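Number of protein chains: 2
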Amino acid sequence: MKTDLDTNDDSQADMEVAPPRLNHAFLEELGTEQISRRSFKKWERIMHSHGACVQEIWELRNTKLEKVTDVVIYPNSTEETERLVKLAVKHDVVLIPYGGGTNVTKSLLLNPDEQRMIVTVDTGRMNQIKWVDKENNMACVGAGMMGQDLERDLNKYGVCTGHEPDSSEFSTMGGWISTRASGMKKNTYGNIEDMLCNFTYVTPTGTYSKTQAWPRISNGPDLHHIVLGSEGNFGIITEATVRVRPVPQVKLYESMIFDNYEVGIKFMHAVSRTSSWPTSIRLVDNTQFQFGASLKPEENSKWNEFVDAAKKFYVTKIKGFDPNEMAACTMLFEGDETWARSAHKTICDLGKQFGGLIGGPENGMRGYLLTFLIAYTRDLAMQHNTLGESFELSCPWTKVSETTKRVRQ
Amino acid sequence: MKTDLDTNDDSQADMEVAPPRLNHAFLEELGTEQISRRSFKKWERIMHSHGACVQEIWELRNTKLEKVTDVVIYPNSTEETERLVKLAVKHDVVLIPYGGGTNVTKSLLLNPDEQRMIVTVDTGRMNQIKWVDKENNMACVGAGMMGQDLERDLNKYGVCTGHEPDSSEFSTMGGWISTRASGMKKNTYGNIEDMLCNFTYVTPTGTYSKTQAWPRISNGPDLHHIVLGSEGNFGIITEATVRVRPVPQVKLYESMIFDNYEVGIKFMHAVSRTSSWPTSIRLVDNTQFQFGASLKPEENSKWNEFVDAAKKFYVTKIKGFDPNEMAACTMLFEGDETWARSAHKTICDLGKQFGGLIGGPENGMRGYLLTFLIAYTRDLAMQHNTLGESFELSCPWTKVSETTKRVRQ
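Chains as they are written, first to last, in UniProt numbering: chain A, 1 to 409; chain B, 1 to 409.
FYI, nobody ran anything at the bench for these hints, they're computed from the structure.
Wrong hints could be hidden among the right ones.
[Said to hold, decoys possible] Computed cross-link-like contacts, DSSO-like style, restricted to lysine-lysine with a CA-CA straight-line distance of at most 27 Å: (1) B:K210 <-> A:K405; (2) A:K156 <-> B:K345; (3) A:K134 <-> A:K210; (4) B:K405 <-> A:K210; (5) A:K134 <-> B:K345; (6) B:K86 <-> B:K41; (7) A:K345 <-> B:K134; (8) B:K345 <-> A:K345.
Being a predicted model, the structure only gives us computed values, none of them experimental.
The shape of chain A in the complex, shown without the other chains:
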């Protein structure tokens, strides 16, 4: 398959959308004073009625969304959200919480048969850090705060969450909780459920919050895990208290290449058995490897030099080696310098046992950052009439190879 970059398929300039269905009694009682913004604008409604699935983006660009929200409301606080929920119950209005709109689970897709008025609740104005408690390693933030803003602002206090999902440029704290998000640096910082100490959850039957953001206790059932991954079904998250850690002393990137993907899997499996897990580690197959190389910032970049050197190395050192089979592994070690250097050495030594060739930190960082480009790449390809999709799955070690093969087919 070839993507012709000259075939530029522009997205549509307009979209036909039904006029908003209004529940006048609800709107009247809600008023405008206690809500910072409410919007009936067509494109604001459209943009709040889809996630980031390829089907949704395709419809957005080329056809139409079957159903669009009736109004977008932006509460400023937990109190405003509570009032909104109370009135929605009273007037039988549908509420859809909205964070960054980056979900790939069709959670924002609206039921075309819905007869009630639909209100999308954008948490985007609850986007402040409320407090940072450095002594107890916690921070409380508004649920609408986006990943990149959160890390930037926390850094001013000398701390970070370390939560870095692919979507962190747009996705929000509330969204991470609602989707039980994982991050690329989870080996060091944990997933969202490991960071979450407390949250405020506005539901039709009351607002849930723990009196203290205590550490883990041997007690149950744990209600956090009902909300984690619930995709906005039971209520609206307005703020969350999460674990923070000191900004790491070092971020040490590294990369290695292996004969082929199968050898790479064996290496990854061996890494999982050590005591020195990298903060992030990622194995890319030959297709992705060559694709990454093709996204070169300029001719004769260091990346190309490296790829050429690697090819030569293999061709000269290992008879019969096929440069079109090579797989690459990118790593990040983030934390205290002593730990990072020691873990780095352990993992590189292990890689050499699998015939791995060190690719250096520049390529490691490049490979790591490429991850953030995946979604953009898909949308760029779509602009040129090529459909692609990225998705994540988890499976046992013994099924990794077979699963990858079947995805390729």
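Could you slot chain B onto chain A? The hints should help.
Chain B in isolation, oriented as in the chain A frame:
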């Protein structure tokens, strides 16, 4: 307070217990063929009607348990448990799951007003390893398997769970899940909820189990967390699949002493901010420190030599230092040798910054193992008319000092 070891208060030789209340229709339909053992013996009923709270042990030794179970049944399998649950529902019989009986939450205390027949379901005969999958780092075990048996048998496969609660000599897999147990080595291996991949849960409305023990997924709500910590309220766990790891290359113990408990807390806080968390770390105050020293295996032991040397060191080096204020810290680094040695060095260097004095591995191991003695110590003291209790709590760093002070008062 002084415990006079000559005042030996023997526990009572007998206890008055009401005869078992029998539901004949239930017992008849249950039969005896499909159940390996059912017992109406008085002491078997008594021993299954209490946990390990000081109140329960006191009543057991000196007075009486207000209510005792009517029969103890030992199912052999999930199928037998399913049949038991079905018949209990049909005949309106109460079921109480029983693991190791080590809970300190009064979960086994029976309602004295209960009019229905009470059946205690001892999982002790479902105590086998079903399979070990070394490639995928998982093992499936019967819910009644006790901690020490589990680790011993897993070691034969070259793997371990690393779960080591104080009670692991008696407590069971099913009990750990039902109480959301933490272990002393959780920094390396995680708590029970981090290890749990799947389990079989027999409830009145059906048996729950995942089709595959998949790794973590970004999905929710997570039903595991309803059962974790549910104290046997919703059903009976019959087997569980947990994460296992290779048996560690090394177990490196260490100990340090500090001027006083407050300095020790500051050191612990600093440790929490490094990338080199020990597998286990524990700070003991002066009382516990001296108590530990008093449990010497023989006169002139190395422990006493160390304590004497430490006292001299402080008295000579630091003017005005009070040997009755010293606090001790015990640590364990468990894993690959490179990691263990590197982390050990990092933490010891950090300790020195807080004026810590290295106590050596022997005292570290001793301190670590002392933990397992705490429950026995309490029961030994009770035999000599002294009441004591041990309990665990978790609190934010800034409240550790105040909490400890109030407990002492």
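If you check each hint against the structure, which ones fail? Structure breaks hint 2 only.
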